[in-house]
Each structure stands twice: as structure tokens, then as C-alpha cells.
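2 protein chains.
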Amino acid sequence: MIFSSALVAQIDELASFSDSPAPSVTRVLYSDRDVQARRYIKGIMKQLGLSVREDAVGNIFGRWVGSEAELGAVATGSHVDAIPFSGKYDGVVGVLGALEAISVLQRSGFQPKRSLEVIMFTSEEPTRFGISCLGSRLMAGSEELVQSLKRTVDNHNVSFVDAADSAGYKIHPDDLHNVFLNQDAYFAFIELHIEQGPILEKEGIPIGIVTAIAAPASIKVEFEGNGGHAGAVLMPARNDAGLAAAELALAVEKHVLESGSIDTVGTVGILQLHPGAINSIPSKSHLEIDIRDIDEKRRNDVIEKVHKSAIDISKIRGVELSEFKIINQDPPALSDKSVINAMEFAAKQLGLEYKLMISRAYHDSLFMARISPMGMIFIPCYKGYSHKPEEFASPEDMANGVQMLALTMAKLSLE
Amino acid sequence: MIFSSALVAQIDELASFSDSPAPSVTRVLYSDRDVQARRYIKGIMKQLGLSVREDAVGNIFGRWVGSEAELGAVATGSHVDAIPFSGKYDGVVGVLGALEAISVLQRSGFQPKRSLEVIMFTSEEPTRFGISCLGSRLMAGSEELVQSLKRTVDNHNVSFVDAADSAGYKIHPDDLHNVFLNQDAYFAFIELHIEQGPILEKEGIPIGIVTAIAAPASIKVEFEGNGGHAGAVLMPARNDAGLAAAELALAVEKHVLESGSIDTVGTVGILQLHPGAINSIPSKSHLEIDIRDIDEKRRNDVIEKVHKSAIDISKIRGVELSEFKIINQDPPALSDKSVINAMEFAAKQLGLEYKLMISRAYHDSLFMARISPMGMIFIPCYKGYSHKPEEFASPEDMANGVQMLALTMAKLSLE
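Top line first, the protein sequences correspond to chains A and B. The opening residue of the first sequence carries number 1454 in my numbering; numbering runs sequentially from there. The opening residue of the second sequence carries number 1454 in my numbering; numbering runs sequentially from there.
Where hints are given, some of them may not hold.
Same chains, same names: a pair is fine if it fits in one copy or spans any two.
[As the list claims (entries may be wrong)] When the alpha-carbon atoms are kept at most 20 Å apart in a straight line, the in silico EDC-like pairs for lysine to aspartate or glutamate are as follows:
{"no.": "1", "residue 1": "1864", "residue 2": "1773"}
{"no.": "2", "residue 1": "1836", "residue 2": "1773"}
{"no.": "3", "residue 1": "1836", "residue 2": "1677"}
{"no.": "4", "residue 1": "1768", "residue 2": "1868"}
{"no.": "5", "residue 1": "1707", "residue 2": "1765"}
{"no.": "6", "residue 1": "1836", "residue 2": "1656"}
{"no.": "7", "residue 1": "1623", "residue 2": "1508"}
{"no.": "8", "residue 1": "1864", "residue 2": "1521"}
{"no.": "9", "residue 1": "1761", "residue 2": "1706"}
{"no.": "10", "residue 1": "1566", "residue 2": "1485"}
{"no.": "11", "residue 1": "1603", "residue 2": "1472"}
{"no.": "12", "residue 1": "1655", "residue 2": "1521"}
{"no.": "13", "residue 1": "1566", "residue 2": "1716"}
{"no.": "14", "residue 1": "1750", "residue 2": "1654"}
Please keep in mind that the hints were generated in silico from the structure rather than gathered at the bench.
So that you can see chain A by itself, here it is in the shape it has in the complex (with noise of 0.2 Å):
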């Protein structure tokens, strides 16, 4: 396992690419850091001598020819922009460990028959326009996407547009639209990821194979009240927008759990009042919510719940409901069996034991599997942390998701 201790090198020197201080990493959308983070990725992808493209929201694609190049290539990737505070190893894992995979396999004198490729994609996280995977969902062909992204704006006002350009994508348009995948363009994608659950390492099991990704939804909502002076609005006279929100935090808290399965999860990550002062009645709230579940009518059903909540408590409290939008609403993914049984066909060859599990979380292969038979492997990672600076996954359990990476892929590519 000599390659283990390159690749911790590598994820601690990405992880220094931070907008905020070790051991948390920051890494926003064409940000500076971003734009560190791709050229750092660019650079091993040329070390390697992959043909290295970018597209023009900026998907970086590094491929190791093969010696059949008109067939399907074998894809995998991820992502390596992070969530404000979050951890090292969420999306970096299956981008450093992706390329760990490609110098294994290269350094073991294995030719490759379909194209082997690594890509990191733009944007998995929707931190900077409110877009969850936004280059994997544009490469899957949605034309929704790319007229959004023509007047999409961060919260201080900087479009898409702008913002690309700030970091060298100069995008017209039309060049959206060539960002698009044709159906035959990947023979097979895999993604390896860490866990970011607590089961893997509970059960003392390396490897899980994912079957499915939960069905993730997202929705904003806007309340409006008068607002006024904390001192001099008696309460019978308020209509409080900060109230609203308290409410419909704990509505969809009470409609996840009464949706009576433990697969249903509900999250108020975001909540903003206006105008933000000790002694001022709040006018303006603000929430985002995230609903997931593996049963998409479920998950439609607690959605629709909190929409009726939201207009009950508008109407009790006086205050308008300005927005409730849902911003997206994916159907869930399923593992293609080919790609599950190169994975389980590696795992046996490696001696390691695994387990057939469903993704909670929400990952690039999830469009992916719009347009290739798609696979994940989930490693274990401590405590099931994910999304903040105690994230870990041990230099171990990173090189046996490697290598079944490197042998599922060469597999798979001698198909």
C-alpha cells in the first residue's frame, strides 16, 4: 500500500486551498481557491499523461487512451469544491483517489482496451447559485439547466456568466449546450466516495457497492411580515417573517418523522432573517430545505406536507408566503448490474468484504446514471462525519477503495 501515503499528501495539499482555517476547508465555485484546486488537478492529471480537456463550465476531463479509443471509455470522478466548513475528504476522495487508481494501474503495466477517464466535476455542491451538481446534471443533457444558468446570481449579485469568466470560462451561451453528453459517450462510470454514514465502520466492513442514490429535493421559501420596532410593536399588532420560519423549520422536522421511515430526512440548513438586528421585528425570512428520501412518492408527500404548512402558518401568523419554490426534485438512481458485478467481481479478487447498500447522500453519479451505466464505491469514514472538519477516512480504508477502483475500472474496460 505504498501509494497511500502519496494520495494523504495530496488530499492535505488540496485542502489547503481553503477560504477558511485548517483543519475546516472552504472551497467555493470559481473562487481563487477553486481555481488553485483545478490547476492542482490539472497538473497530476498532465504528470500522469492523461489527455487533459475542460469543457466550458469547466468539467475537467483526463484520459488515458486506450487501445480500442472509438469504443465507450470507463469514466469515474467526483468533485473537489466544498461546502463552507466542511472536511478534506468529501468528493476530493474520488478525484485523487481516481488518479491514485490510473498511476496503479499504469505502474503495473496494464494497457487499457475502452479509454480510462477521470473527471472532476464543476459544482457538485450547491453552495454558490443553490445548483447541486451542476456539471454532471448539464454533461446528463438538461436543457432546464442551461436556460436557468443564463440569469442564475449568487447572493451577492454575480451571475453564472460573470463568475465563470472570473475564473477563466468564457461562456456564450450556445456553449452550454455543448457541455452535453451523447448516450454512448461512457462505457461505464463509477464514483468513489466515502460513506458520509455512520454503517460502514459500525459493521467493520471496507467497501460498500452502492445499489441506489436517494431521491434528494431542495425548496426555498420567502416569508413577509411588516416587521417595525422590537420595542414598540405590541405583540397582538406583529406579523413576525422569523417566526414563520421557526415554525416551518419544526413542520418539516414533524413531517419527516411522520413519514414513519427511517430512509426520510429533512434539513433546514439555511435560515435568514432581514433585517438582522437585535431591536427590529424580522420582515424578511428566508429558509432552504432539503428533503431526501429512496421512495420519491414518499419524499413528494412530506414536500407537499410542507407546503401546506407553510400556507397555514402564512395565513395564521399574517404574514405572506412571497416564495415556496422547489428548486429541483430528482428521481432516484439505480446501479447498473454490470457495473455492480465488476465491482463485487474486484472485491473478491481483492479479498475484501463488502456490502450492497443504498446512497443517502446525492452525488455526481446520479446524473451520470442519466447517461451510463453507473456504480459507486463507498469506503468507511469516522463516525459517518461528513460536511465538516472532523470528516476522516483513514490512509487504509482510502487505499482499498483505490484498488477496487483501479481493478473495477480495468475490468470494465477490457469488456
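With the hints as your guide, set chain B onto chain A.
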């Protein structure tokens, strides 16, 4: 009422010094806009021939020296700082209106016996450092404030001393004690202010004579949990700091309503989540709570209950209550009988109907009452709105307020 149009023009000009677009006003302590406003006020003081002084933290004093300069002066004044996205009358009417009252008296040929003084207080609003009535609290001799100002920082980790320096006030720790005023500095202090409540407008009465100021308290609360990925951490494994905050916000409302008095008010004006991403369970939440009453004991009972709720919520949700800090818990203030008499005399002389009333909002007068006989004059404002862009006082009502203030000061000056 020839003077009201000049006053309206000055109010509009001052409102243009704002960090948010009109009609809203944002003018935060020691910002460039605050510095512009200070220059503007000193300019008018000099035009009126007043003798201008500034103390270490930037309280500004403009004095019209009376014929018996050794006697305690009659002072008036208010503030010009404005919370984010607020209006242009709160505080400003009491500074520009006071200068207009001086101008009226000068033009009438009046000669003061006791000196007359207009004060522009530094940072009545707690926006930047979480400390309300910073200037007047310090003038009233708060040793506690002297100590805390030495280590206070804003949300961007800029210290109070550095912030003051950037506005041109070089503060040495000893200077802060020089801000303290003697008990005999003033014979009387009167503040002119918009009501910030709906009563005068609703009852059609042009003048309010304030007999007491309600007792305000402010509290900072922080909850901490484990956070984690919004998809991967199942509901039973969560300790969501954001939901704890939502519950506490609703508990504040509940306890306030249970006090049984219309005079009890409570507000959660600030509620912040960390890390603040849609796909991240909040690992930290921060609330700032404002609770007021005209009855100090009843207010303190509500604070007790809120504290108990915070503890209960932290236990039930398994989050840590990492902070519950009462930032201030000031006692109420009563107007002085001598000042009330002078205000009633002025109203009768001017033929203005008036109402004896309570100030539910917080003013520099609360602290000036500690070192001087105090009184306040209220004028009606549109729908009772304050701390928002729709805040409005009519030129007629402002003219009445200025005349009331001028005559009250003139009367007290000759006593």
C-alpha cells in the same frame, strides 16, 4: 412653520449617507457613512455658531453658551446611526430637530441664561458591537462598559478601538473614563423623538410627553450540535442546532404572551445558522433576543423562563447550550417632574394637545436619566412604523415637536 422645510431637506440629505439604497437607510457606527453624517452634523452646529466638542468615543456636543455659563446646561439630543435597512427619522429628528430648535430660538432673539447644548450620541443602536446606547451609557459612567470596550470586537473581528481609529477617533484606554460626565453637568436633558408606536397617530394627538421608558434586556444564545450531511445522517442520529434555535424563538413568543400584560414584548431579531448550507445540518446557531417591559420584575420573569426553555431544549435535543448571556438588563427610567412640568407648560403655551405616555422603545434618555433630570417629547409617526424604510413623520408634526423642544429648553434655561 417656515423652518419645517429646511428640516425636511436636512433629513433627506442625511438619509443619503446610507449603505443601502433609498428609501432604506443603513448607517453603522464608525463606517464611512457614519463619518459623513458626523461631519454633516458638526457643520450645522458650526453654522449656528455653537461651540463644538467631541469626546473620545465621538459623542458630539454643540453648545450655545448662556449668560450664566457656570450653571448646569439644558441639553437635548439623540442619535444618527441607523440599523440596516431602517428609516430616516429614528434618532435623526432628535438631532436635526434640536439644531432647528436652536435656530428658532436664535432667530427669535432669545438669550439663554443656562447654556443650551445639542448632543449627537455615538451608537444608540447596537448593530455593530451589540451594545445599545454606547455613547450615553458611557457618559452616564458605566465602568462595566469601559472594561468591555477594551476587548469588544464586531462580527468581522474588528476591535472597538480599531473601528474608532478608522473613523478618526484614537482611543487610549484611559480616555474612556474621560467620557464620564458629572452629576451636575446638566440641569435638564430633553430628547425629541418619533413615537415608534401607533398611539399618537391613532388618537390624533400631536405631542406625547414621556413619563417613563420601558426596561429593555438583550440576550445572546448559542446552541451547538454535531452537524453533518443533510442526506447521510438519519433523523434519530441528529442534534440539530438550528431546530433548537427555532424552538427557542417560539418559546420567547410563548413566554412573552403568557406574561399576561400587553406591555411585555419579546423579539428574536437575529437567528444565524452555521455553516449555513442547504445540505448541511446546522452545527451551531446564534440568537439575539430582546425582551422589554415597563415592569422590571415581569420582564425578568420572562428572561428566567426563556433561560429555562433554552436549558430544556438543549437537553431534549442533545445539543449544547454553549452560551446564554444577558448582555444588558437595564432598569426602567422615569422622567423628572421638573422637566415634565416644563414640557406641559410649553404644550399649553403652543396650544398643542398632548398625552402623557410611556416610551416602549429604548433611548439615550434612559442613560441620561442617570446623571440628569430627563424628559422626552414624542411626535406621531406613520402607522407607528420604525426601523424600516416606511418610517415617516410629517413636516407638521416635526414642526410641532421642534417648537415644543425650543420652548421647553427656553423655559428651563431661564430657571
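When Cα atoms must be at most 20 Å apart, do residue 1761 and residue 1706 count as within-copy, between-copy, both, or neither? within (14 Å within a copy, 23 Å between copies)
How would you label the pair residue 1864, residue 1773 (within, between, both, or neither) given a Cα cut-off of 20 Å? Classified as neither; 58 Å inside a copy, 50 Å across copies.
How do residue 1603 and residue 1472 come out at 20 Å by Cα distance, when the copy is not named: within, between, both, or neither? neither (27 Å within a copy, 29 Å between copies)
Is it within a copy, between copies, both, or neither that the alpha carbon of residue 1707 lies no farther than 20 Å from that of residue 1765? This pair counts as both: shortest intra-copy Cα distance 15 Å, inter-copy 19 Å.
Alpha-carbon proximity between residue 1836 and residue 1773, which holds within one copy, between copies, both or neither at 20 Å: Close across copies (19 Å), not inside one copy (41 Å); limit 20 Å.
What label fits residue 1655 with residue 1521 when the C-alpha limit is 20 Å: within, between, both, or neither? neither (43 Å within a copy, 84 Å between copies)
Go through the copies and call it for residue 1566 and residue 1716: within, between, both or neither, with a Cα cutoff of 20 Å. Answer is neither; intra-copy 40 Å and inter-copy 80 Å both fail.
Check residue 1836 against residue 1656 for me: Cα-Cα at most 20 Å, and say if that holds within a copy, between copies, both or neither. within (11 Å within a copy, 63 Å between copies)
Regarding residue 1836 and residue 1677, is the shortest C-alpha distance of 20 Å or less found within a copy, between copies, in both, or in neither? This pair counts as between: shortest inter-copy Cα distance 18 Å, intra-copy 40 Å.
Given a CA cutoff of 20 Å, do residue 1750 and residue 1654 count as a within-copy pair, a between-copy pair, both, or neither? neither (30 Å within a copy, 54 Å between copies)
Between residue 1623 and residue 1508, at a C-alpha cutoff of 20 Å, which is it: within one copy, between copies, both, or neither? Answer is within: at 11 Å inside a copy they meet the 20 Å cutoff, but 54 Å across does not.
Copy assignment of residue 1864 with residue 1521, given that the CA separation must stay at most 20 Å: Classified as within; 15 Å inside a copy, 101 Å across copies.
The structure shown violates the earlier hints numbered 1, 4, 10, 11, 12, 13, 14.
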